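Just so you know, the sequences run in chain order A and B.
For the record, in the first sequence the residue sitting at position 119 is 119 according to the working numbering, with numbers rising by one throughout.
For the record, in the second sequence the residue sitting at position 257 is 257 according to the working numbering, with numbers rising by one throughout.
Hints are not guaranteed to be accurate.
Unchecked claim - Calculated cross-link-like contacts (lysine-lysine; reagent style BS3-like; alpha-carbon spacing at most 25 Å):
(1) A:Lys-84 / B:Lys-18
(2) B:Lys-105 / A:Lys-167
(3) A:Lys-171 / A:Lys-152
(4) B:Lys-154 / A:Lys-84
(5) A:Lys-171 / B:Lys-104
(6) B:Lys-154 / B:Lys-105
(7) A:Lys-88 / B:Lys-8
(8) B:Lys-66 / B:Lys-120
(9) B:Lys-8 / A:Lys-152
(10) B:Lys-357 / B:Lys-301
(11) B:Lys-357 / B:Lys-344
Hints are computed from structural coordinates only; laboratory data are not their basis.
Small disclaimer: the values here were computed from a predicted structure and weren't measured.
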Amino acid sequence: MGKRSNWSIPYVVFLVFFVVLPLVLVMVYAFQDSQGHFTFGNLAKFFTDKDALSTFAVSIEVALENTALCILLGYPAAWILANKQYNKSAVTIVLFIMPMWINALMRTLATAQLFTMLGITLGKGTLLFGMVYDYLPFMIYPIYNVLAKMDKSYAEAAVDLGATPWKAFWKVTVPLSMPGVTSGILMVFMPTVSTFAISEFLTNNKIKLFGTIIQENINSSMWNYGAALAFIMLIIIGITTLFDKDKEQAEGALI
Amino acid sequence: MDKIIEIKNLSKSFGDKKVLEDINLYIRRGEFLTLLGPSGCGKTTLLRMIAGFLQPDEGSILMEGKELAGIPPHERPLNTVFQRYALFPHLDVYDNIAFGLKLKKVPEDEIEKRVRRVLKLVAMSDYEDRDVDTLSGGQQQRIAIARAIVNQPKVLLLDEPLAALDLKMRKDMQTELKEMHKKLGITFIYVTHDQEEALTLSDTIVVLNEGRIQQIGTPVDIYNEPVNSFVADFIGESNILNGTMIRDRRVAFMGHEFDCVDEGFGEDVPVDVVVRPEDIYFTTEESKTQFTAKVKSCTFKGVHYEMFVDTDTGNELMIQDYDAYPVDSTVRLYIDPDDIQVMKKERTCNTLYGTVKDEETVTLLGADFPLKSGFEAGTEVKVEVPFEAVDLLDNLDDGVLDGEVHFILYKGDHYHLTIKTDAGDFLWVDTNDIWDKGDLVGIRLIADKGIKISRKDG
């Protein structure tokens, strides 16, 4: 038998072909014009393209709103799930996670149908609804994880020192659960920026997101510009991950 | 007498399990009181009820005459030092200690003064800005104490605060805690399973077992005059033996008669006798000799030697002495009347209640035992089972009932076991077989070993 390190070869091959190579290709295309010459033109085009810029702004705005809504809804849900007093069975957690088992596209299509049936006009409201519906479990789970593992005696110590349960929650439980919230933000914010299917189905393409214009460009064979946009999005996502620098505390928070 | 806390008829259950039963206790202002017992005895539950994290099912806790039930923990004038410190990892040392004062809106300069003062008290003056994660176990412990006492509580609750420290550190902290208690004048309620710690620190010890108070007293009382074999076994090393009180001031055990100082037990009454290993003396004079023994083993323990001897009547005794005696030598021994502690036996047999199922069977503890009772089916009966009439079996299927070895007491020539059945009932067994705590056993009754069956009302 060969060395044990040989066992990693299949994974390395996989990573090279399906992660590194595509990324390199995106880079290469982003800095080429249609004749294959090196250029910054694609990037420059984005910064002068008013439509693209405003779509980008809308995308960021929607992603921020979605993330905020997910925190507002997800934190209390995670807290209740992690609290044995209120949640006596593991089944409830599964119920919250279960929507993730069904293809997001199918759920989105079904949601769109539902809205149409109820006569609700598709627009920003329905878009946010769909996004929250899709991404909420990704917010709940990491927060739940941190809260469930947190030593109860922290909150008890706070109460013992004279804090009302409410104050103990804000001064101790919330700060100590931030690693979970950070993980949740990463898992909700990043995919929302690049999503296009949800906006397509739930707004009838009325609201375009950044992912949509990338998809449109690629679809209409504007490979280079599409690649440049994808490259810009990668940079943005890269920046957001920097907020998660407290890696040690986030231990176990990411799924 | 100035009682700061009074606990009356306190009971608490978790589900079906009674963790505390009818606890009555008072705590004097300024004293250092220790709740001592093995794990699962209910000591932490009692502490948590005083702190307010748990509500009693029955009974009351009074503080300075006022009922504490209904007062939420954050309004109680007491503070807790938690088992694993529970220092807030997102705050530095200063903010951890200032946490309680900030909540009470104490002015900033006063907070600073008070934090400095307690930091000095726990000898951690230069650590204000440190992250709590960077502190050692002992240092975290000091900060946890500082965080509690800075609020000037009337009572400080300490839940096994030294359990996580290594031996050397624990000894140092014991001394410091004792000094702190003297300096502060605050009432300390201390929970521990470490009997030595309890003896060292306390003014008063409350020994708990199975949710009940076994004994309350000063360390000296508890050590010298344990009220039952549990306390004798739990506190310090001891030889616990079966004996018979012949008359006042005269007791027989190990096949010999001894003078003692106990009286009021009656005549020819079975008793438990406790002799501490340091209270058995070697002699060379024939006139002093009460019995002889053969040394089986001798181990050096630092200050003294610990020896196991077999007496001329076949009992094993542990003896501690400053001099070593060679293994296999025969030695002459005596015990001072003062050093023989006689205790009433808690029970002399198992008393069970059940019903006759048919001619050959009696239902006891929810299982059918093959016993001929001579009563009609359906008769309610009282069954007295001698300790030696209970048979323990390795193979659970061979027993009528399953149980677990719950507590083991060595009585010199046999083991006295407490068996907890699956249903939570207790049986007591005398046996020569060696079992370990937690062993699962099948239980059988041996009919011809003096089991007495009578009508329940009769």
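Against the structure, the hints come out as follows:
1. Simply put, A:Lys-84 and B:Lys-18 have alpha-carbon atoms about 21 Å apart, close enough for the 25 Å limit, and the pair holds.
2. For the given pair, B:Lys-105 sits about 13 Å from A:Lys-167 by alpha-carbon distance, which is consistent with the 25 Å threshold.
3. Of the pairs offered as hints, the one joining A:Lys-171 and A:Lys-152 holds, with about 14 Å between alpha carbons and a cut-off of 25 Å not exceeded.
4. For the proposed pair B:Lys-154 and A:Lys-84, the alpha carbon gap of about 32 Å is over 25 Å, so the pair is violated.
5. A C-alpha spacing of about 14 Å is found between A:Lys-171 and B:Lys-104, which places the hinted pair at or below 25 Å, so the restraint holds.
6. Taking the CA atoms of B:Lys-154 and B:Lys-105, the gap is near 19 Å; set against the 25 Å cutoff, the hint holds.
7. Annotation: proposed proximity of A:Lys-88 to B:Lys-8 is violated, straight-line Cα distance about 33 Å (limit 25 Å).
8. A threshold of 25 Å between alpha carbons decides the hint, and for B:Lys-66 with B:Lys-120 the separation of about 34 Å lies outside it, so the pair is violated.
9. In summary, the hint linking B:Lys-8 to A:Lys-152 is not supported, as the alpha carbons are separated by about 29 Å, beyond the 25 Å threshold.
10. Simply put, B:Lys-357 and B:Lys-301 have alpha-carbon atoms about 57 Å apart, too far for the 25 Å limit, and the pair is violated.
11. Distance check on the hinted pair: B:Lys-357 and B:Lys-344 sit about 35 Å apart at the alpha-carbon level, beyond 25 Å; violated.
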